[in-house]
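Novice: For reference, the chains in residue letters:
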Amino acid sequence: MTLLKVEDLTIQFKSRQGVVKAVDNLSFELAKGISLGIVGESGSGKSVTSLAIMRLLQNANTEITGKIDFEGVDLLKLSPDEMRKIRGNSVSMIFQEPMTSLNPLHTCGKQIMEPILIHQKGISKQEAKKRAIELLRLVGIPSPEQRFHEYPHQMSGGMRQRIMIAIALACDTKLLIADEPTTALDVTIQAQILDLMSKLKKQRDMSIIMITHDLGVVKEMCENVVVMYTGQIVEKSPTDLVFKDPLHPYTKGLLNAIPKISSKVERLEAIPGTVPDALRMPTGCSFHPRCKYATERCKAEKPPLYKREDGREVRCFIYDAGEKGDDGNVTNEYKEYSNSINPK
Amino acid sequence: MMEMSQTNIKSTATLSIQSEVENILEVSHLKKTFQIKSPDGKKGLLKAVDDVSFTIKKGETFSLVGESGCGKSTLGRTLLGLYPPDRGSKILFNNEDITNISKTNRKNFARKAQLIFQDPSACLNPRRTIKQILMEPFKIHKIKNGEAKITELMDMVGLPSRFLDRYPHEMSGGQKQRVGIARALALDPELVVCDEPVSALDVSIQAQVINLLEDLQKQLNLTYLFISHDLSVVHHISDRVAVMYLGKIVELATRDELYENTQHPYTKALLSSIPDVSGEVREKIILTGDVPSPSNPPSGCRFHTRCPAVMDICRTKEPEFKQTNSNHFVACHLCTK
Numbered sequence: 001m002t003l004l005k006v007e008d009l010t011i012q013f014k015s016r017q018g019v020v021k022a023v024d025n026l027s028f029e030l031a032k033g034i035s036l037g038i039v040g041e042s043g044s045g046k047s048v049t050s051l052a053i054m055r056l057l058q059n060a061n062t063e064i065t066g067k068i069d070f071e072g073v074d075l076l077k078l079s080p081d082e083m084r085k086i087r088g089n090s091v092s093m094i095f096q097e098p099m100t101s102l103n104p105l106h107t108c109g110k111q112i113m114e115p116i117l118i119h120q121k122g123i124s125k126q127e128a129k130k131r132a133i134e135l136l137r138l139v140g141i142p143s144p145e146q147r148f149h150e151y152p153h154q155m156s157g158g159m160r161q162r163i164m165i166a167i168a169l170a171c172d173t174k175l176l177i178a179d180e181p182t183t184a185l186d187v188t189i190q191a192q193i194l195d196l197m198s199k200l201k202k203q204r205d206m207s208i209i210m211i212t213h214d215l216g217v218v219k220e221m222c223e224n225v226v227v228m229y230t231g232q233i234v235e236k237s238p239t240d241l242v243f244k245d246p247l248h249p250y251t252k253g254l255l256n257a258i259p260k261i262s263s264k265v266e267r268l269e270a271i272p273g274t275v276p277d278a279l280r281m282p283t284g285c286s287f288h289p290r291c292k293y294a295t296e297r298c299k300a301e302k303p304p305l306y307k308r309e310d311g312r313e314v315r316c317f318i319y320d321a322g323e324k325g326d327d328g329n330v331t332n333e334y335k336e337y338s339n340s341i342n343p344k
Numbered sequence: 001m002m003e004m005s006q007t008n009i010k011s012t013a014t015l016s017i018q019s020e021v022e023n024i025l026e027v028s029h030l031k032k033t034f035q036i037k038s039p040d041g042k043k044g045l046l047k048a049v050d051d052v053s054f055t056i057k058k059g060e061t062f063s064l065v066g067e068s069g070c071g072k073s074t075l076g077r078t079l080l081g082l083y084p085p086d087r088g089s090k091i092l093f094n095n096e097d098i099t100n101i102s103k104t105n106r107k108n109f110a111r112k113a114q115l116i117f118q119d120p121s122a123c124l125n126p127r128r129t130i131k132q133i134l135m136e137p138f139k140i141h142k143i144k145n146g147e148a149k150i151t152e153l154m155d156m157v158g159l160p161s162r163f164l165d166r167y168p169h170e171m172s173g174g175q176k177q178r179v180g181i182a183r184a185l186a187l188d189p190e191l192v193v194c195d196e197p198v199s200a201l202d203v204s205i206q207a208q209v210i211n212l213l214e215d216l217q218k219q220l221n222l223t224y225l226f227i228s229h230d231l232s233v234v235h236h237i238s239d240r241v242a243v244m245y246l247g248k249i250v251e252l253a254t255r256d257e258l259y260e261n262t263q264h265p266y267t268k269a270l271l272s273s274i275p276d277v278s279g280e281v282r283e284k285i286i287l288t289g290d291v292p293s294p295s296n297p298p299s300g301c302r303f304h305t306r307c308p309a310v311m312d313i314c315r316t317k318e319p320e321f322k323q324t325n326s327n328h329f330v331a332c333h334l335c336t337k
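Each protein sequence line maps, in turn, to chains A and B.
For the record, in the first sequence the residue sitting at position 115 is 115 according to my numbering, with numbers rising by one throughout.
For the record, in the second sequence the residue sitting at position 317 is 317 according to my numbering, with numbers rising by one throughout.
Source of the hints: derived by calculation from the structure; they are not laboratory data.
Errors might be hidden in some of the hints.
Unchecked claim - Below are the SDA-like pairs computed for lysine to any residue, each with C-alpha atoms no more than 20 Å apart in a straight line: (1) B/37 <-> A/154; (2) A/260 <-> B/259; (3) A/67 <-> A/174; (4) A/260 <-> B/275.
To be verified - Not close to chain A: a few residues of chain B, all C-beta gaps over 12 Å, as computed: (5) 167; (6) 273; (7) 311.
What the hints assert, rightly or not - Sample of chain A residues at the chain B side, in silico, Cβ under 8 Å: (8) 13; (9) 42; (10) 213; (11) 215; (12) 219; (13) 241; (14) 253; (15) 259; (16) 267; (17) 269; (18) 274; (19) 276; (20) 279; (21) 282; (22) 283; (23) 284.
Since the structure is predicted, the reported quantities are computational estimates derived from the model, not experimental observations.
Backbone N, C-alpha and C define an ideal beta-carbon position, used for all residues, glycine too.
Generate coordinates for the entire structure from the input sequences, incorporating the hints supplied.
Specialist: The structure is reproduced here in structure tokens:
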């Protein structure tokens with residue numbers, strides 16, 4: 001069952017220097033109980049996408065087109081009042097830095113009670129408090145009755161992130177958007193939080209959108225993955241296949257650039273150059289200046305998102321005509337590329 | 001006093017690994033305590049680095065790993081003289097005692113030991129051009145010919161010389177980190193302390209900077225003290241690795257030995273908790289609880305509150321830092337029984 005369907009989402013920011021296309025024609029689907037990883041480097045548009053789903057991008061200088069279909073309702077068409085009923089209720093979000101997203105002046109307990117009191121009409125304060133303490137226990141906070149009365153600064157980073165999760169799950173959450181939830185945490189704490197999130201996902205049968213730059217986190221947490229570069233999807237695929245057989249040169253590059261403990265390499269294969277300036281996008285494929293397989297065609301034309309027979313999608317001319325040239329044979333470019341990925 | 005220094009030298013000797021390569025740095029019983037004031041006004045002591053001994057050989061990359069608050073950055077800074085070490089500590093740089101170095105000697109030492117910082121945006125003065133930033137070391141040390149040298153430096157770190165007239169905000173994170181590296185290398189140092197040099201960078205840029213650091217090491221025969229929380233990066237770049245927990249080194253070994261023959265339960269947990277992209281299925285050890293506060297560390301072994309293999313002795317007796325084989329030191333009752 002499809003829970004969320006994003007169609008042709010385009011987000012543009014008007015600035016004094018010109019129009020910046022932060023997200024370009026983004027489409028993806030998310031089924032119930034599934035988690036989707038959105039991976040990309042800074043500036044790839046992954047956080048903006050999540051903010052758009054939450055409808056937190058309302059500004060005179062922002063232009064959003066497309067459709068964000070959540071349980072059959074287009075979130076972009078809702079009035080602010082209608083959206084308020086969904087935000088924090090069936091769609092919730094946790095952010096990267098738990099210290100800046102919690103209110104330092106209120107106790108953690110009060111902040112967990114807030115969404116309950118707003119969204120569940122007719123609930124008494126006492127019941128809400130009971131529920132908040134239950135939530136604290138659920139996210140693994142020891143002695144929740146005491147912790148209920150504490151302020152964010154009295155807690156460690158990992159505990160604060162647990163509070164954030166408790167707030168996000170306070171109501172009837174169907175979709176949880178996690179924007180780099182463990183980036184600010186230490187590895188041992190990260191392991192705890194990821195473990196907690198997978199447990200809760202199973203328990204509540206909810207869907208998760210995991211926004212991260214860490215491919216390792218995606219591998220551990222997500223069934224499907226979307227790789228973004230300069231606001232576009234460059235690859236969409238089941239997670240295990242991406243790691244076994246990355247299709248797009250950028251995905252391949254990212255995987256090669258990470259040092260791995262299981263293998264020793266003399267030198268890391270870095271992707272040359274940097275992410276282009278959003279105001280000065282290169283012509284053709286936006287990755288071509290950094291791609292070692294770039295051809296003249298890549299410089300001139302924008303590649304579409306090719307859908308392969310196995311359902312995976314990739315934005316690269318290498319996969320034109322389903323990996324087969326006009327004569328019905330596999331294109332030489334693809335042969336060369338696949339040889340470079342799996343040297344025989 | 002005499003007796004004290006003798007024991008120091010002795011213990012350093014046992015800790016150093018037999019080899020012909022000279023030691024560039026010998027650290028024995030290094031301690032750094034900060035005075036802190038708790039919110040209720042009580043004064044207390046925070047032992048950020050507590051009795052740490054190790055040596056670094058010329059030309060190697062020695063890494064310090066640990067979670068936030070374990071004292072790895074404080075250790076790096078204390079070695080460079082940015083914090084005065086506590087009494088009883090001893091730091092030898094090229095066999096010269098630099099523990100309580102005088103001001104003039106400090107300046108000479110600074111030419112030989114430099115620091116690369118984590119956040120490239122915070123360590124460059126936003127109101128100065130790259131040229132002014134890079135000229136600074138030459139001005140301070142009254143060295144002529146700085147102008148020629150900085151063009152060379154820019155070339156070395158892979159930046160076009162037209163960037164010299166730019167301000168830091170006009171550059172990307174990776175480019176700024178390259179400037180930080182160029183500044184650290186300006187005076188031809190022998191030892192470079194890299195404090196989380198790639199943590200703030202994107203994955204694709206991170207690989208570029210790691211490669212650059214490795215190239216420069218070969219080219220200039222540098223010794224690195226590499227401080228990081230990222231065990232994958234440390235695995236890639238290091239010759240030897242020390243794991244820190246709450247101000248102490250709990251395990252120290254050559255890279256392969258540490259990753260393949262892990263002994264300390266903390267190191268095991270650390271290694272198992274990294275989400276790795278390779279297909280290997282590993283057993284996960286998820287530690288419970290948080291890192292205790294270094295101002296009030298647990299008794300006995302500091303890791304005992306979170307250790308999955310805790311024994312009675314761990315709660316009361318602090319484990320000694322012992323050698324288990326020629327390349328491996330560990331502080332754990334379980335491993336040195």
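Novice: Hint by hint, say whether it matches the structure.
Specialist: Here is how each hint holds up against the structure:
no.	hint	in the structure
1	B/37 <-> A/154	holds (16 Å)
2	A/260 <-> B/259	holds (12 Å)
3	A/67 <-> A/174	holds (19 Å)
4	A/260 <-> B/275	holds (10 Å)
5	167	holds (16 Å)
6	273	violated (4 Å)
7	311	holds (21 Å)
8	13	violated (19 Å)
9	42	holds (6 Å)
10	213	holds (6 Å)
11	215	holds (5 Å)
12	219	holds (6 Å)
13	241	violated (12 Å)
14	253	holds (6 Å)
15	259	holds (4 Å)
16	267	holds (6 Å)
17	269	holds (7 Å)
18	274	holds (5 Å)
19	276	violated (10 Å)
20	279	violated (14 Å)
21	282	violated (16 Å)
22	283	violated (21 Å)
23	284	violated (20 Å)
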